[in-house]
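Read off the chains here:
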Amino acid sequence: KQEVTQIPAALSVPEGENLVLNCSFTDSAIYNLQWFRQDPGKGLTSLLLIQSSQREQTSGRLNASLDKSSGRSTLYIAASQPGDSATYLCSPRVKAAGNKLTFGGGTRVLVKP
Amino acid sequence: NAGVTQTPKFQVLKTGQSMTLQCAQDMNHNSMYWYRQDPGMGLRLIYYSASEGTTDKGEVPNGYNVSRLNKREFSLRLESAAPSQTSVYFCASSQNAGSNEKLFFGSGTQLSVL
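For the record, the sequence lines run as chains A and B.
Counted the way the numbering used here counts, the first sequence spans residues 1 to 113.
Counted the way the numbering used here counts, the second sequence spans residues 1 to 114.
Next up, chain B with everything else stripped away, as it sits in the complex:
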């Protein structure tokens, strides 16, 4: 049982380049999330998908797009990367919003934009 799998683990981009971060979960969870983690800023929600076919903005959505490809997969796209998007990106999933719902995280993607 792999849990939440993210690819790639590391990526270096030049300003203006585009890329897609991939995330897949094998726990049959309905909800999936993308976070970024920056020193001094903590974890901030970029986008989330409460269920297959739906996506919503989080706290810091500007410069990103997402696709909930199916129940398992939720991708994050940077159309034109900027140095401010240098960060560690985490994908997470959970069964549903509710009173007894744990969040499961992937191991992260370290992205540098030069």
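Next up, chain A with everything else stripped away, as it sits in the complex:
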């Protein structure tokens, strides 16, 4: 069974600082890995999807890296803003699990003005 761990569980930084969020998973046979953002009381929004053949994916200030062999992904958010405050979740899609995604517990981020 795929186990997904996100460290740290919570993070508080001053505005402008770069954010580094970590995700580790136990089954490296994955189709892809997604990073999601969840605002309080809302659903999840997909931020980035990295295919298993890719090493990284970028969208604006967001960059996600994937090291499949070691079971790790990192989400970098450059020059953080108060609007980046949210919970960030990672989810690898395991080949053996077909349509079933497993989610990490998330990292709750607070960016202070």
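Keep in mind that a hint or two might mislead.
[Said to hold, decoys possible] Short derived list, chain A residues pointing at chain B, Cβ under 8 angstroms:
(1) V20
(2) Q34
(3) P40
(4) K42
(5) G43
(6) S46
(7) K100
(8) L101
(9) F103
(10) G104
(11) G106
[What the hints assert, rightly or not] Among chain B residues calculated to face chain A with C-beta under 7 angstroms, some are:
(12) P39
(13) G42
(14) L43
(15) L45
(16) T86
(17) F90
(18) G108
[To be verified] Result set (DSS-like, lysine-lysine): computed pairs, CA atoms no more than 27 angstroms apart in a straight line:
(19) A:K95 with B:K71
(20) B:K102 with A:K42
(21) B:K9 with B:K57
(22) A:K100 with A:K1
(23) A:K112 with A:K42
(24) B:K14 with B:K57
(25) A:K68 with B:K14
(26) B:K14 with A:K42
(27) A:K68 with A:K100
(28) B:K102 with A:K68
Quick caveat, the hints were computed from the structure, so don't treat them as lab data.
Quick caveat, the model's predicted, so the values are computed rather than measured.
Virtual Cβ for every residue (Gly too), placed ideally from N, Cα, C.
We have chain A; now place chain B onto it with these hints.
Chain B only, in chain A's frame:
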């Protein structure tokens, strides 16, 4: 383009009552999912439907039933609600399982069972 729409947004039930959570997507996706989110437990898959006419159990299916009514709609039914089913429920959809498939979520249903 509404994406994934869930109803209701909030619901309070008494133990033993039944209810159906509705979900509809307008992206012509083949796969649909129901998750529940609980503090300290993260998101857990209840049931999913890989395509119209098929449904499969996820990680925590006990106490729930689902119906893939057509390609657009996937409902979740609680036949006899229990306090342990107090949670936030999310519906999601995706085109297919594969290497470049994003998951789209609804805004959730907050359910309390007293």
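message: If you test the structure against every hint from before, which numbers come out violated?
response: 1, 3, 12, 16 and 25
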